[in-house]
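Protein chains in written order, with the working numbering: chain A, 2 to 153; chain B, 0 to 185.
A few of these clues could be false.
Claimed, not checked - With a Cα cut of at most 30 Å, we get these calculated DSSO-like pairs of lysine-lysine:
(1) B:53 to A:87
(2) B:67 to A:78
(3) B:110 to A:78
(4) B:110 to B:152
(5) A:51 to B:67
(6) A:78 to B:40
(7) B:110 to B:40
(8) B:67 to A:87
(9) B:40 to A:109
(10) A:51 to A:109
(11) A:109 to B:67
(12) B:53 to A:51
(13) A:109 to B:53
(14) A:48 to B:53
(15) B:53 to A:78
The hints are simulated quantities; they were obtained by calculation from the structure and are not laboratory data. Since this is a predicted model, take the numbers as computed values, not measurements.
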Amino acid sequence: MTTNESYSRDEALRRLNELLAEEMEASIRYLHLSTLVQGIDRLVIQKVLKENHEETIEHAQQVSEKIIQVGGVPQPKINLELTGDKCTGIEALQTALLFEQAALDAYKDFLDTVEGSGDVILEEFARQQVAIESEHVSELQMLLGESSVGSE
Amino acid sequence: MIDWREFDQNPVSHSAAHHLTSIQQLLEEQGYARVSDVARKLGITRGSVSVSLKGLRQRGLVIEDQHKHLGLSEEGHRIARGIHTKRVLFQAFLRESLGLPDELAELDACKVEHLVSDVTAEALALFLERRPADDEARAELAEQVKVLEKSIKEGRVETFPCKEIEDFSSELMRKNELENNTHDDE
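Full structure from sequences and hints, please.
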């Protein structure tokens, strides 16, 4: 087993708060996108977007719980700029893929931070979230007919 | 009559201005820029950066390679350099000519950097270079600005920022840093 000597509780908390901001912003983005989708796509895509909106809220709650468990306070820095015009279902999913991929990359970095730190709970949480977010990204890619999108 | 609502339709929004200048700064400082680097520099989420960059990529201002490293197109570089130069010129004017504290000068320069016209920025550079002390010098400067405005309107002037103005703004920045360091030492 390797040890992560650069691990610190403050760094873990900082990254958890960044993840919380990613999830909170994503939930609002999903809600916003669901209102922008126009045309026949609206019937199907709006449902997908609303489900994802609810799931990201759950993720935000889970991240908040972890912050409290580590002894911190949830302090996400939200700076959301919602722009855009009406869009097709494909355009909405393409936008969703952008911020889902960003969240996946953030969870991967978080896993790097806590891996080998001895904090088994955080490490397991990070692993689980990387798996879930990877699935989200794959689902969106499948809906868009894409095979894979590399991460950072 | 000025339609202030048009300011929101500026080709480069405040957010876009910060994304472009951040990428340029990161490229200069560390040789590469990723979404996570831009997010950290701007203090926003990676999701926000990714969504903002989508529009800038579509406009051909930002490019991304296969390793997800960000770069600027020629036009993206020009816009970023222009915004940065305008910020430095305004900051110098507010600080040196109006005597505002550096922090406030920087903050207010940041608010206008992406909105002011090239004519105003060129005129400001002339003003800072000459520092007209009397009415005669000010009148002479005003005449030069009129000629400059006409030349820019007719497309006879190199696109902003020209090399001379960029060099001048770098000199202003160095001077400002030097003064700040001197104050810190005191």
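So, going through the hints one by one against the coordinates:
1. B:53 to A:87: Satisfied, since the Cα-Cα distance of roughly 16 Å is no more than 30 Å.
2. B:67 to A:78: holds, 25 Å
3. B:110 to A:78: Roughly 21 Å between the alpha carbons, so the hint for residue 110 (chain B) and residue 78 (chain A) holds.
4. B:110 to B:152: holds, 25 Å
5. A:51 to B:67: holds, 29 Å
6. A:78 to B:40: Holds, at roughly 13 Å.
7. B:110 to B:40: Holds: residue 110 (chain B) and residue 40 (chain B) sit about 18 Å apart, inside 30 Å.
8. B:67 to A:87: holds, 28 Å
9. B:40 to A:109: holds, 19 Å
10. A:51 to A:109: holds, 25 Å
11. A:109 to B:67: Distance of about 15 Å is within 30 Å: holds.
12. B:53 to A:51: Holds - the C-alpha atoms of residue 51 (chain A) and residue 53 (chain B) are around 22 Å apart, at most 30 Å.
13. A:109 to B:53: Given that 30 Å is the threshold and the Cα spacing comes to 22 Å, the pair holds.
14. A:48 to B:53: holds, 24 Å
15. B:53 to A:78: holds, 22 Å
Checked against the numbered hints given earlier, this structure breaks none of them.
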